[in-house]
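Q: Taken in sequence, the protein lines are chains A and B.
Each residue of the first sequence is one higher than the one before, starting from 32 at the first, in the numbering used here.
Each residue of the second sequence is one higher than the one before, starting from 5 at the first, in the numbering used here.
Possibly wrong hints are sitting among the right ones.
Unchecked claim - Straight line, CA to CA, 27 Å or less: simulated DSS-like cross-link-like pairs of lysine-lysine: (1) B:Lys-40 x A:Lys-105; (2) A:Lys-272 x A:Lys-101; (3) A:Lys-162 x A:Lys-110; (4) B:Lys-37 x A:Lys-292; (5) A:Lys-105 x B:Lys-39; (6) B:Lys-39 x A:Lys-110; (7) A:Lys-101 x B:Lys-40.
Said to hold, decoys possible - Which residues of chain B face chain A? A few of them, derived with a C-beta cut under 8 Å, are: (8) Ile-43; (9) Arg-45; (10) Phe-47; (11) Ala-49.
Read the hints as simulated data drawn from the structure, not as lab findings.
Backbone N, C-alpha and C define an ideal beta-carbon position, used for all residues, glycine too.
Each chain is listed here by its residues.
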Amino acid sequence: MLELIPLVIVLAFLFETMDSCAGMGFGTGLTPLLFILGYEPLQVVPILLISEAITGFTAGFFHQEFENAKFKLKKPINKETRVMLNIAIFGCLAIIISVFLTYYAIKVDKTIIQTYVAILVLAMGLIAIIKLKYKSTTYKPKLLTFFSAIAGFNKGIGAGGYGPVVMLGQIFSGIYEKTATAIVSVAEGIVSVAGVAAFVLVPVISSQPIEIDFILLPSIFTGGFIAAMISPFMVRVLPNKIWKIVIPTYALAIGIYVLIKLYI
Amino acid sequence: MENENFQNEIAIDEIGYMARFIDTEFTIFERMKLKKSTIFRIFGALIIYSLTMISFAIFL
Chain A
32 MLELIPLVIV LAFLFETMDS CAGMGFGTGL TPLLFILGYE PLQVVPILLI
82 SEAITGFTAG FFHQEFENAK FKLKKPINKE TRVMLNIAIF GCLAIIISVF
132 LTYYAIKVDK TIIQTYVAIL VLAMGLIAII KLKYKSTTYK PKLLTFFSAI
182 AGFNKGIGAG GYGPVVMLGQ IFSGIYEKTA TAIVSVAEGI VSVAGVAAFV
232 LVPVISSQPI EIDFILLPSI FTGGFIAAMI SPFMVRVLPN KIWKIVIPTY
282 ALAIGIYVLI KLYI
Chain B
5 MENENFQNEI AIDEIGYMAR FIDTEFTIFE RMKLKKSTIF RIFGALIIYS
55 LTMISFAIFL
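Work the whole structure out from these sequences, hints included.
A: Below, the structure written as structure tokens:
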């Protein structure tokens with residue numbers, strides 16, 4: 032019997048709406064809330080990865096449909112696709128390392144690294160707000176690669192914050208906010224596929240199978256999928272000046288939320 | 005003329021060109037209009053959603 036949990040559907044919808052509109056927050060926001068609701072890591076983490084893989088591609092498809100970005104897979108690929116692949120490659124490497132670290136229970140002091148990520152996201156959010164006054168439209172590919180690597184490093188050591196760093200990194204690199212959101216959605220879809228593959232393959236390779244509980248999947252998929260269809264439309268309709276304010280403000284909120292979760 | 009076309013192609017290849025263009029050239033209400041093909045694709049996505057939920061009901 033298919034079990035749908037209304038509260039989880041609403042939470043998944045809200046966080047995926049923000050994730051597909053502002054390029055961040057699905058994992059960082061939803062994971063601790065589901066833990067608070069009493070779900071176990073193996074009920075949450077792989078399910079969020081599966082869901083994020085589906086919703087990332089769905090949001091990417093609709094971002095393309097609503098012309099927030101134009102991805103081109105046939106050669107020669109365009110710049111938007113190249114940026115997306117650049118971000119996705121760092122993310123894929125990072126998530127594989129992250130799954131290995133988690134699976135082999137390699138001890139990393141989570142509080143210190145999560146504090147570092149929260150402060151990084153806060154600082155980037157603040158700088159983005161300060162920079163609102165200045166118009167910068169020159170694309171800086173080296174800066175983007177730098178931020179992709181930082182975001183990948185953070186995710187690799189299990190600290191999260193991949194979305195905010197990559198999203199704000201794109202804005203600092205001169206990418207238009209609406210397009211940056213679309214790029215992050217697709218990149219996160221690809222990274223999540225790599226995450227799911229690592230989650231399935233690592234236990235198989237080490238012949239220590241793990242049992243994934245799928246109880247949350249229908250609910251998270253329902254909320255996330257609907258949000259992934261609606262959000263790209265919202266991104267298209269609302270003027271970019273709104274996203275210019277919403278994105279860094281949401282990043283600030285995420286940074287503060289992580290710090291509160293860690294220390295209060 | 006050829007040079008102008010070439011310049012346009014370069015502009016179109018710029019990151020975020022389409023989003024920027026739509027933002028500046030169309031009003032919010034104009035941006036809300038959906039193309040027929042988009043409506044079909046939304047229905048297509050809803051069918052995929054329904055099929056996925058049916059497969060969850062069968063396999064999970």
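Q: Each of the hints needs a verdict: does it hold here or not?
A: Here's how the hints hold up against the structure:
no., hint, verdict
1, B:Lys-40 x A:Lys-105, "holds, 25 Å"
2, A:Lys-272 x A:Lys-101, "holds, 21 Å"
3, A:Lys-162 x A:Lys-110, "holds, 24 Å"
4, B:Lys-37 x A:Lys-292, "violated, 42 Å"
5, A:Lys-105 x B:Lys-39, "holds, 24 Å"
6, B:Lys-39 x A:Lys-110, "holds, 26 Å"
7, A:Lys-101 x B:Lys-40, "holds, 19 Å"
8, Ile-43, "violated, 10 Å"
9, Arg-45, "holds, 6 Å"
10, Phe-47, "violated, 11 Å"
11, Ala-49, "holds, 6 Å"
In this structure, the earlier hints numbered 4, 8 and 10 are contradicted, and the remaining ones agree with it.
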